[in-house]
Amino acid sequence: MYQALSVSELTSYLRELLEAHPVLGDLWVQGEISEFKRHAASGHCYFSIKDSEALLRGVMWRTAAARLSMLPRPGDLVLVHGYVSIYPQRGDLQLYADTLLPAGVGMLYARFEELKARLEAEGLFREARKRPLPALPRRIGIVTGAQSAALHDMLNVLARRFPLVEVLVAPCLVQGEQAPLSIVEALTRLYASDVDLIILARGGGAIEDLWSFNDEAVARAVYASPVPVITGVGHETDTTIVDLVADLRAPTPSAAAELAVPELAELRATIAASRARLEATVGALLALRRAQVTDAASIVERHAPLRRLARDRQQVDELARRLERSASTAVQLRDVALAGLNGRLQALSPQATLARGYAVVRRTDTGRVLTAPAQAAPATPLTITLRDGELYAEVVVPPEENQQ
Amino acid sequence: MTAQSPVESYEHLYARLQEVVARLEAGELPLEETLQLYEQGVRLAAECQRLLDAAELRVRQLSAVDPGIDLFA
Chain E
1 MYQALSVSEL TSYLRELLEA HPVLGDLWVQ GEISEFKRHA ASGHCYFSIK DSEALLRGVM
61 WRTAAARLSM LPRPGDLVLV HGYVSIYPQR GDLQLYADTL LPAGVGMLYA RFEELKARLE
121 AEGLFREARK RPLPALPRRI GIVTGAQSAA LHDMLNVLAR RFPLVEVLVA PCLVQGEQAP
181 LSIVEALTRL YASDVDLIIL ARGGGAIEDL WSFNDEAVAR AVYASPVPVI TGVGHETDTT
241 IVDLVADLRA PTPSAAAELA VPELAELRAT IAASRARLEA TVGALLALRR AQVTDAASIV
301 ERHAPLRRLA RDRQQVDELA RRLERSASTA VQLRDVALAG LNGRLQALSP QATLARGYAV
361 VRRTDTGRVL TAPAQAAPAT PLTITLRDGE LYAEVVVPPE ENQQ
Chain F
1001 MTAQSPVESY EHLYARLQEV VARLEAGELP LEETLQLYEQ GVRLAAECQR LLDAAELRVR
1061 QLSAVDPGID LFA
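Line by line, the protein sequences give chains E and F. Counting from 1, one number per residue, gives the positions in the first sequence under our numbering. Counting from 1001, one number per residue, gives the positions in the second sequence under our numbering.
Treat each hint with caution, since some may be false.
[Stated by the list, open to error] Derived coverage of chain E by chain F (criterion: at least 3 residues anywhere in the stretch with Cβ under 8 angstroms from a Cβ of chain F; other residues may be distant):
1. 131-144
2. 169-179
3. 263-269
4. 273-282
[Claimed, not checked] Using C-beta positions, here's what the derived DEER-type ranges look like:
5. E:GLU301 - F:GLU1032: 25 to 35 angstroms
6. E:THR270 - F:GLU1032: 48 to 58 angstroms
7. E:ALA296 - F:ALA1026: 23 to 33 angstroms
8. E:ALA297 - F:LEU1035: 17 to 27 angstroms
9. F:ALA1026 - E:ALA297: 25 to 35 angstroms
10. E:THR270 - F:ALA1026: 18 to 28 angstroms
11. F:GLU1032 - E:GLN315: 40 to 50 angstroms
12. E:LEU319 - F:ALA1026: 45 to 55 angstroms
13. F:GLU1032 - E:GLN314: 37 to 47 angstroms
14. E:GLN314 - F:LEU1035: 42 to 52 angstroms
15. F:LEU1035 - E:THR188: 47 to 57 angstroms
16. F:ALA1026 - E:ALA149: 48 to 58 angstroms
[Claimed, not checked] Computed footprint of chain F on chain E, listed as stretches where at least three residues anywhere in the stretch have a Cβ under 8 angstroms from a Cβ of chain F:
17. 68-82
18. 150-160
Because the hints were derived from the structure by calculation, they are not lab data. Bear in mind the structure is a predicted one, so any value in this text is a computation, not a measurement. Just so you know, even glycine gets a beta-carbon here, dropped at the ideal spot from N, CA and C.
So here's chain F without its partners, still in its complex pose:
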């Protein structure tokens, strides 16, 4: 399994956040579970934010032909 790209990690977290929001909004949950979901949602939102805050552009060069080309010279 390949390592997740930052976007995939973000998408994964964000999808879970959406799911938590949807379940909460559907209602009909016991208070205990509601509060657990709420905490989970807040945590996921924070993780999403953290991921965005920490993101740094990763650049790789794909050069099969001339590895001597220096991208940033």
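Bound conformation, chain E alone:
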């Protein structure tokens, strides 16, 4: 036996079921507006959408409704995004809309979202896959409309910033049914030529005009590029699928050209820096050499002949002085030696003999020792050295001579 559910139990069960459903919980519905009313007090909008065989009621809350650029009128073909659920009070199945777009644009938008999600899941937008741009591109390929303002702008930027680069323009259609194929062909032609960077660009336009840049084939062609791709599509606010695939996204064609190349001034600055390093290195080296030369010169001068002569003379003087000094020293030494000898001589004096009573007689005036009477005439003062001292005397006339 089944247990009976209450009505509210059933409706809330249905509601949970619907809102958790993978498709019904997040979907786009296309149809014709048959009624669209805005509740004056709450600001919420209530509408019905139909086709030839069915009709569905819907609600759009005030916050979502505020984003509508204009309220749709009965008969408008629209694309609605939202989820399906049940309104329990009346048991009505309703579309809870968060976005409502005119069918033309809405269709594009829905496809855009779908493609974006799919390519993202495939990894076409991966950051890790974005390649760095060449520092100095040699040859840049440009894919854009022939005769377009975008092309002129880009060539102007390139000519001003980095005229060294070569540009290969692969013109293509940029809007209309044929545009995606034309863009893919232009890209493919560039892949076969020798470019190291590609700019894919288009000037601003209505969202439908930019639609070729949301094309899957174009996106895959960009992804397949062997060289980095910069996109510059539309205005700053437009983001297309190819922008997401590209290695670098620029807001506009001119900006893409600016990002593609360095400015000549930067190169001039690096050259100037190299020159400065040359000057500095050689300047330092020359200064060093100059200092070495100065040193060498002073060494040479020190050895100059005149100076040498002067120094030699000084040396001679010095030697002479030393010689003199040593000579006088020798004399002094000799004096000392002499004094020593004197002493020794004195030591050999006949003191011992004197002690025995002998006396030494010397002339007082000359100090000469007398050994014969003839050596001293009468009245010659004599010094007689005895053991304990000296005695002074005078030579007198012998007695026998006195007698004569």
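Here the structure of chain E is known, so what remains is to put chain F in place on it, guided by the hints.
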């Protein structure tokens, strides 16, 4: 061998200039060689500058599909 693009010529000259600067900065060279390198460096820097001064954007059209498209009409 294909003709060098202006950027390649520039890169070549600039690489040589860098090499000369590096060798000079490494030092230990005889004066004669130093002065030769210096002159070479100055000459290379001048050539780099000249290349930049003389550069003019070269634009070619790559059109296999419709050669009738006039790029600058």
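Evaluation of the provided hints:
1. 131-144: With 5 residues closer than 8 angstroms to chain F, the stretch 131-144 of chain E meets the three-residue bar; holds.
2. 169-179: holds (count 3)
3. 263-269: That given contact holds, which follows from 3 residues of the stretch 263-269 of chain E lying within Cβ reach (below 8 angstroms) of chain F.
4. 273-282: Three-residue rule met by the stretch 273-282 of chain E, so holds; n is 6.
5. E:GLU301 - F:GLU1032: 25 to 35 angstroms: Hint holds: Cβ distance 26 angstroms, inside 25 to 35 angstroms.
6. E:THR270 - F:GLU1032: 48 to 58 angstroms: violated, 28 angstroms
7. E:ALA296 - F:ALA1026: 23 to 33 angstroms: holds, 25 angstroms
8. E:ALA297 - F:LEU1035: 17 to 27 angstroms: holds, 21 angstroms
9. F:ALA1026 - E:ALA297: 25 to 35 angstroms: The hint (25 to 35 angstroms, Cβ to Cβ) holds, given that F:ALA1026 and E:ALA297 are roughly 29 angstroms apart.
10. E:THR270 - F:ALA1026: 18 to 28 angstroms: holds, 20 angstroms
11. F:GLU1032 - E:GLN315: 40 to 50 angstroms: Distance hint for F:GLU1032, E:GLN315 holds at roughly 42 angstroms.
12. E:LEU319 - F:ALA1026: 45 to 55 angstroms: Check passed, 54 angstroms falls within 45 to 55 angstroms.
13. F:GLU1032 - E:GLN314: 37 to 47 angstroms: For E:GLN314 against F:GLU1032, whose Cβ atoms are near 42 angstroms apart, the range 37 to 47 angstroms holds.
14. E:GLN314 - F:LEU1035: 42 to 52 angstroms: Given about 44 angstroms between the Cβ atoms, the range holds.
15. F:LEU1035 - E:THR188: 47 to 57 angstroms: holds, 54 angstroms
16. F:ALA1026 - E:ALA149: 48 to 58 angstroms: holds, 52 angstroms
17. 68-82: Since 0 is below three, the answer is violated.
18. 150-160: Since three or more residues must qualify, the claim that chain F covers the stretch 150-160 of chain E holds, with 4 doing so at under 8 angstroms.
When each numbered hint is compared with the structure, violations occur for hints 6, 17.
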